[in-house]
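2 protein chains.
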Amino acid sequence: MKIKLDCIPCFQRQALEASRFVTKDIILQEKILRRVIKELENMDWTGTPPEMAHVVHQIVKEECTVNDPYKDIKKQYNDIALSFYPEMKEIVNNSAEPLLTTVRLAIAGNIIDFGASSQFDLNETISKVLEKEFAINDFDKLLETLGRSNILLYLADNTGEIVFDKLLLETILNKYKINKILFGVKGAPIINDAMIEDAEYVGINKLPGVEFIKIGIGLPNTGVERNSKEFHDILTNSDIVISKGQGNYEALSKYGDIFFLLMAKCPVIADDLNVKIGDFILKETKKVQN
Amino acid sequence: MKIKLDCIPCFQRQALEASRFVTKDIILQEKILRRVIKELENMDWTGTPPEMAHVVHQIVKEECTVNDPYKDIKKQYNDIALSFYPEMKEIVNNSAEPLLTTVRLAIAGNIIDFGASSQFDLNETISKVLEKEFAINDFDKLLETLGRSNILLYLADNTGEIVFDKLLLETILNKYKINKILFGVKGAPIINDAMIEDAEYVGINKLPGVEFIKIGIGLPNTGVERNSKEFHDILTNSDIVISKGQGNYEALSKYGDIFFLLMAKCPVIADDLNVKIGDFILKETKKVQN
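Protein chains in written order, with my numbering: chain A, 32 to 321; chain F, 32 to 321.
Identical copies look the same in the list; a pair holds intra-copy or inter-copy alike.
With a straight-line cut-off of 20 Å between C-alpha atoms, the simulated EDC-like cross-links for lysine to aspartate or glutamate are: (1) Lys163 to Glu128; (2) Lys55 to Asp37; (3) Lys55 to Asp303; (4) Lys33 to Asp56; (5) Lys62 to Glu72; (6) Lys35 to Glu61; (7) Lys307 to Glu162; (8) Lys296 to Asp37; (9) Lys69 to Glu82; (10) Lys33 to Glu61; (11) Lys62 to Asp37; (12) Lys35 to Asp56; (13) Lys55 to Asp302; (14) Lys296 to Glu155; (15) Lys55 to Asp103; (16) Lys120 to Asp110; (17) Lys318 to Asp303; (18) Lys307 to Glu155; (19) Lys285 to Asp270; (20) Lys55 to Asp99; (21) Lys69 to Asp37; (22) Lys296 to Glu162.
Quick caveat, the hints were computed from the structure, so don't treat them as lab data.
Sequences and hints are given; from them, build the entire structure.
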């Protein structure tokens with residue numbers, strides 16, 4: 032998915048918010064914003080959102096001389112999400128359709144996305160997700176594919192959200208014979224995306240058969256485009272791929288067969304999916320047959 | 032109120048949205064956005080939001096060669112608001128406190144603000160405003176001041192919203208002896224702000240004792256800063272001033288004695304008022320005594 036013009040001001044908002052996590056110095060914040068604007072001005076606007084976000088967040092890191100502006104907020108949201116865990120577990124246990132309920136909750140968890148907005152209400156989103164119809168709903172296909180899968184590739188998105196992912200994976204493991212879960216996290220800090228240390232913090236590493244793989248920025252051969260041969264071999268060799276969030280959708284929407292679970296949180300994604308902002312999505316993309 | 036750094040990407044979003052009301056040509060949209068960015072880059076970031084918004088929207092008007100990119104959407108929202116009118120009138124008539132209810136509704140109407148966001152839900156906002164506590168509530172002072180006022184200066188904000196203002200003014204006229212209402216509209220198109228033709232369309236001109244005054248951009252002696260002598264004589268000579276919306280607050284918050292009725296819709300305003308985004312505000316500012 033290529034960027035749209037809306038992404039240009041959005042990158043600047045992200046840069047500003049990221050810089051505020053690190054510094055209260057308004058002069059420095061303005062310097063960062065002006066450098067981001069200059070950089071955007073000099074770019075062709077033809078990349079994908081993750082590609083361009085990488086450039087923008089690199090400027091924040093350099094100017095603030097920190098490697099991870101979101102470090103504290105990531106920890107904070109892992110803790111907040113963990114505090115929701117017992118109640119959510121009970122909701123799932125009391126549910127007539129536990130898997131559907133955990134899928135719903137896993138999509139709600141996707142609201143914890145500082146790329147899309149730092150203004151969100153997790154409580155309200157959880158209430159909504161349990162009631163509102165999905166705008167796109169390939170749940171039956173998800174069930175069917177899970178039923179014949181051994182290897183699950185799960186592409187995670189944000190810290191905090193991964194607690195909701197853990198609940199979904201536990202429910203899947205309870206019912207289906209998945210031997211191996213490849214849990215994809217980012218190889219380097221980008222916005223509030225989860226890395227291995229975040230996933231370990233919430234106990235993903237204790238799930239049976241789980242292995243971490245590092246995708247996205249920071250790793251050799253898995254660029255921001257997630258288009259390396261190595262990564263696509265993993266995609267192909269997995270029996271089922273579940274992909275969380277906007278960033279993975281932006282980078283991978285042209286590939287099949289992937290189940291995308293996300294909330295549409297910005298006009299660009301909503302437009303691409305032909306849904307409204309705030310809609311919940313469970314969409315399977317199909318591989319184009321040659 | 033001076034701009035904050037958040038305003039910089041927000042102006043770009045506004046320019047993009049405005050250009051899309053006029054043209055589907057993405058090349059032209061990109062040209063406008065790039066020109067806005069260049070202009071912002073070359074500015075000192077020390078003006079007020081209305082000052083800088085004026086420069087930005089001027090670029091859209093020039094590039095699209097239209098005088099009012101929001102012309103159609105303004106008409107549309109006047110019509111939508113008029114369709115709400117009978118139901119709102121009934122809510123007011125059945126209310127134990129009609130004036131408080133119309134004040135609430137007038138604040139809800141302020142959600143129709145394409146400067147803040149083109150994504151809003153009028154129905155949801157009306158439901159919320161009737162239940163939620165105001166974050167700042169100087170309603171008692173408003174009543175007291177209305178009780179001793181003959182001349183009311185009412186500074187309107189957006190098209191559509193003015194239908195809600197009309198309901199408030201009708202309720203005020205029903206109870207208080209206001210001889211003259213000076214209804215302030217914009218003298219030239221800026222975003223979806225109401226002008227005389229919009230106010231006449233919804234029947235503000237039929238209120239007894241009403242006179243229009245034109246403030247804001249486009250008029251001699253009432254610049255975007257609303258700081259001309261002529262305008263401030265009107266402010267001083269009015270017994271009560273009711274000011275709607277963010278733009279008027281941004282330009283006039285340093286002056287007293289004004290009752291500001293608005294929804295906090297962006298982080299900059301929310302921060303200035305020390306409230307949250309989405310909060311409802313009825314705030315009286317006091318004149319600094321020399």
